[in-house]
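**Q** Protein chains in written order, with numbering that gives the first Met the number 0: chain A, 0 to 281; chain B, 0 to 281; chain C, 0 to 118; chain D, 0 to 118.
Source of the hints: derived by calculation from the structure; they are not laboratory data. A few of these clues could be false.
[As the list claims (entries may be wrong)] Derived contacts from chain B toward chain C, CB cut-off under 7 angstroms, selection only: (1) Thr74; (2) Ser77; (3) Pro97.
[As the list claims (entries may be wrong)] To be clear about the criterion: a stretch of chain D counts as covered by chain B if any three or more of its residues have a C-beta under 8 angstroms from a C-beta of chain B, and this derived list gives those stretches: (4) 6-12; (5) 100-112.
Just so it is clear, CB atoms sit at the ideal spot from N, CA and C, and this is done for glycine as well.
Read off the chains here:
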Amino acid sequence: MSEVIWGLATSHVPSIGAAMDREKTADPVWAPLFEGYRPAREWLAGHTPDVAILVYNDHANGVDLDVVPTFALGTAESYRVADEGFGRRPVPDVTGDPELSFHLLQSLMDEGFDLTVFQELDVDHGFTVPLSVWTPDPGEAWPCPVIPIMVNVIRYPQPTAARCYALGQALGRAIASYDGVRTVGILGTGGMSHQLAGARAGFINSSFDHMFLEQIARDPAKLAALTREQYIREAGSEGIELIMWLVMRGALNAQVRTVHTAYHVPASNTAAGLALFDNRPG
Amino acid sequence: MSEVIWGLATSHVPSIGAAMDREKTADPVWAPLFEGYRPAREWLAGHTPDVAILVYNDHANGVDLDVVPTFALGTAESYRVADEGFGRRPVPDVTGDPELSFHLLQSLMDEGFDLTVFQELDVDHGFTVPLSVWTPDPGEAWPCPVIPIMVNVIRYPQPTAARCYALGQALGRAIASYDGVRTVGILGTGGMSHQLAGARAGFINSSFDHMFLEQIARDPAKLAALTREQYIREAGSEGIELIMWLVMRGALNAQVRTVHTAYHVPASNTAAGLALFDNRPG
Amino acid sequence: MSSQIRPDLPGTYVFDGPTSRRGHAMNRMFMSLRAEQARAEFRGDEAAYCHRFALTGDQTGAVLEREWQAMLDLGGSIFYMYKLALMDGHSMQYLGGVFTGMSEAEFQAAMLAGGRTDV
Amino acid sequence: MSSQIRPDLPGTYVFDGPTSRRGHAMNRMFMSLRAEQARAEFRGDEAAYCHRFALTGDQTGAVLEREWQAMLDLGGSIFYMYKLALMDGHSMQYLGGVFTGMSEAEFQAAMLAGGRTDV
Ligand SMILES: [Fe+3]
Ligand SMILES: [Fe+3]
Numbered sequence: 000m001s002e003v004i005w006g007l008a009t010s011h012v013p014s015i016g017a018a019m020d021r022e023k024t025a026d027p028v029w030a031p032l033f034e035g036y037r038p039a040r041e042w043l044a045g046h047t048p049d050v051a052i053l054v055y056n057d058h059a060n061g062v063d064l065d066v067v068p069t070f071a072l073g074t075a076e077s078y079r080v081a082d083e084g085f086g087r088r089p090v091p092d093v094t095g096d097p098e099l100s101f102h103l104l105q106s107l108m109d110e111g112f113d114l115t116v117f118q119e120l121d122v123d124h125g126f127t128v129p130l131s132v133w134t135p136d137p138g139e140a141w142p143c144p145v146i147p148i149m150v151n152v153i154r155y156p157q158p159t160a161a162r163c164y165a166l167g168q169a170l171g172r173a174i175a176s177y178d179g180v181r182t183v184g185i186l187g188t189g190g191m192s193h194q195l196a197g198a199r200a201g202f203i204n205s206s207f208d209h210m211f212l213e214q215i216a217r218d219p220a221k222l223a224a225l226t227r228e229q230y231i232r233e234a235g236s237e238g239i240e241l242i243m244w245l246v247m248r249g250a251l252n253a254q255v256r257t258v259h260t261a262y263h264v265p266a267s268n269t270a271a272g273l274a275l276f277d278n279r280p281g
Numbered sequence: 000m001s002e003v004i005w006g007l008a009t010s011h012v013p014s015i016g017a018a019m020d021r022e023k024t025a026d027p028v029w030a031p032l033f034e035g036y037r038p039a040r041e042w043l044a045g046h047t048p049d050v051a052i053l054v055y056n057d058h059a060n061g062v063d064l065d066v067v068p069t070f071a072l073g074t075a076e077s078y079r080v081a082d083e084g085f086g087r088r089p090v091p092d093v094t095g096d097p098e099l100s101f102h103l104l105q106s107l108m109d110e111g112f113d114l115t116v117f118q119e120l121d122v123d124h125g126f127t128v129p130l131s132v133w134t135p136d137p138g139e140a141w142p143c144p145v146i147p148i149m150v151n152v153i154r155y156p157q158p159t160a161a162r163c164y165a166l167g168q169a170l171g172r173a174i175a176s177y178d179g180v181r182t183v184g185i186l187g188t189g190g191m192s193h194q195l196a197g198a199r200a201g202f203i204n205s206s207f208d209h210m211f212l213e214q215i216a217r218d219p220a221k222l223a224a225l226t227r228e229q230y231i232r233e234a235g236s237e238g239i240e241l242i243m244w245l246v247m248r249g250a251l252n253a254q255v256r257t258v259h260t261a262y263h264v265p266a267s268n269t270a271a272g273l274a275l276f277d278n279r280p281g
Numbered sequence: 000m001s002s003q004i005r006p007d008l009p010g011t012y013v014f015d016g017p018t019s020r021r022g023h024a025m026n027r028m029f030m031s032l033r034a035e036q037a038r039a040e041f042r043g044d045e046a047a048y049c050h051r052f053a054l055t056g057d058q059t060g061a062v063l064e065r066e067w068q069a070m071l072d073l074g075g076s077i078f079y080m081y082k083l084a085l086m087d088g089h090s091m092q093y094l095g096g097v098f099t100g101m102s103e104a105e106f107q108a109a110m111l112a113g114g115r116t117d118v
Numbered sequence: 000m001s002s003q004i005r006p007d008l009p010g011t012y013v014f015d016g017p018t019s020r021r022g023h024a025m026n027r028m029f030m031s032l033r034a035e036q037a038r039a040e041f042r043g044d045e046a047a048y049c050h051r052f053a054l055t056g057d058q059t060g061a062v063l064e065r066e067w068q069a070m071l072d073l074g075g076s077i078f079y080m081y082k083l084a085l086m087d088g089h090s091m092q093y094l095g096g097v098f099t100g101m102s103e104a105e106f107q108a109a110m111l112a113g114g115r116t117d118v
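Extracted from the complex, chain A is given alone in its bound form (with noise of 0.2 angstroms):
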């Protein structure tokens, strides 16, 4: 019996990440984002998980694009930083746990999920960022192993909203039935608002994301109720991101104690939003 102690939502934009490693975060432009994040990151200092699980998705950086998986799986031992084209994120690479990422490739395709196993794999920012929005100085290592789960968001028809939501409620049963670790902390990621290309690049929605910030945690069911094109349309065409958010919820319990929530624009062309959940009971 393991436990999902934790759900951190956050945006994985790779500027966030460029402004830690730059140590630009006390700039004007900058401080308020990190601010932002602050209390939940000392929460989270104080419940470190024996492992993590982090839904993210590759840009165009760890797969190849002729091959793009609806949700894969990795099972490696450990991941590297990926090198998107100018040198990888000072960053540590990151530790697997292959004994976990067995057991709920098993479950999940045993519960109908038609998973893709990386057998190896480069992370990119979607999956660094997260971390480093997570644990801002990891010095070597990251606070404890990481699994990641891939979704694609780039290329239509991206996984439904409703699906995600499965994968994730068949997650939370996979872990509740494992017994090699205590305690696990998921992270969603990816969103809030925002499209990168076209004229309508620039596209913020900040009732879009704060009507999704409160119903993430208090009606999930409602959100994963959305179409492919409703999140295009209301998010932006990058904003579909925000499917991930809902593998993370998924995984957690009906109730939820809401810890901290952020909401800041810009971050680079993005809204960035942050909302960490105790899944503890009581």
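Given the coordinates of chain A, assemble chains B, C and D with the ligands onto it according to the supplied hints.
**A** Showing chains B, C and D with the ligands alone in chain A's frame:
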């Protein structure tokens, strides 16, 4: 409205392809196998569909070993014949049908199948040998475009037989809702009983094979209820490939007319089976 | 013909199957620019490099002229195109400006003011 | 510890996650042998080639000595191992003989007689 007019199940043993490529089909060890194919080939030659869908697995030729998709769909305009290490088979490359691929992708994703998309793919003997079983002398081109659906049957845990059958049923619905072609043929490949490695290498279970050949027509749901362990025990560690026949069968009607079946031991280390179903009503 | 229900939203690119197919060679070329050696070869002879990746004439022209909007229209994915932009020293804000008819500074100012909320 | 219900069948190798992990470097090496250039390099210095792919000492020994059973035990997948066998001019029937303690001719005869139905 497109219609699946036939389903063909066949083993994909590489040596069957080699026997054809080297013109040994009349040799005493091979003649009975190819005699068994003859009625199916004759019927198929008179029933060429507008497009075919071929369910198969790759054998470490088209896909790198660090990534293992459970279910993958090709969306390319053409698929090259893979060089498996000693030159490619002397058969034509495969023309695809991207429009139908995109339609299948959308439909199957909407039904909750988590497909991996291949925008480029080389196909190995698992793909070309069944094409040769269907069409021994293709000349410059195969009789129609063919779309690959790839299934992981090599790395445990494979998709369950039930999941494969459900995929086939969804595939049938997706084809029925497509207006771009009139007639479709479906091939399910692999099997029958065989095991390549370990002290049980050479294992053949002809009573299981005959049961399977009979029930795939009459009661596929019964075969879909068998566990991975049952397939591996009863049909050998590679005989679990038979789950791919269930994808084909799921796309057909509940009632099908059996045109021809054949069974032969050995083709190399394998029992070779063939079953051809006419899916047209009445 | 097919039941594709791809959203059709003004000013919004949805990177679907047909788009991915159309832009495949060009996106593959962008992807290759992750390696310094490839960037050096590209810089040495951009047209020859595009030819090696089998880009169409239109795509090659758009790349050589840095017509970012045309690259989108010819099947480019922003995540792949960004690798070329990075190589040129451009930011995503610069590209945002190009797509929206603003200067980089204007686009940045619009973002700092809360983003483009009215599009 | 985990709920893995991987079948445990005598004389049968199930290529599951832990096996794949154990054999990854060796299977990657086998996979590389699809290219003639790689085969030539392998032939030139097999031990060095194995070292380049980071095989363990046991795996390297099994490969150099063509101990096929040991390769299986060390995480080899038959589909990858077969690429080495092909290179050596061996058939799947030869390997079947090795795994079952028969000569290639004996194994072939057993298959021609309807396969091994009693195992
Ligand atoms: Fe992203
Ligand atoms: Fe096979």
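**Q** Failing hints, ascending?
**A** Checked against the structure, the only hint that fails is number 2, while the rest are satisfied.
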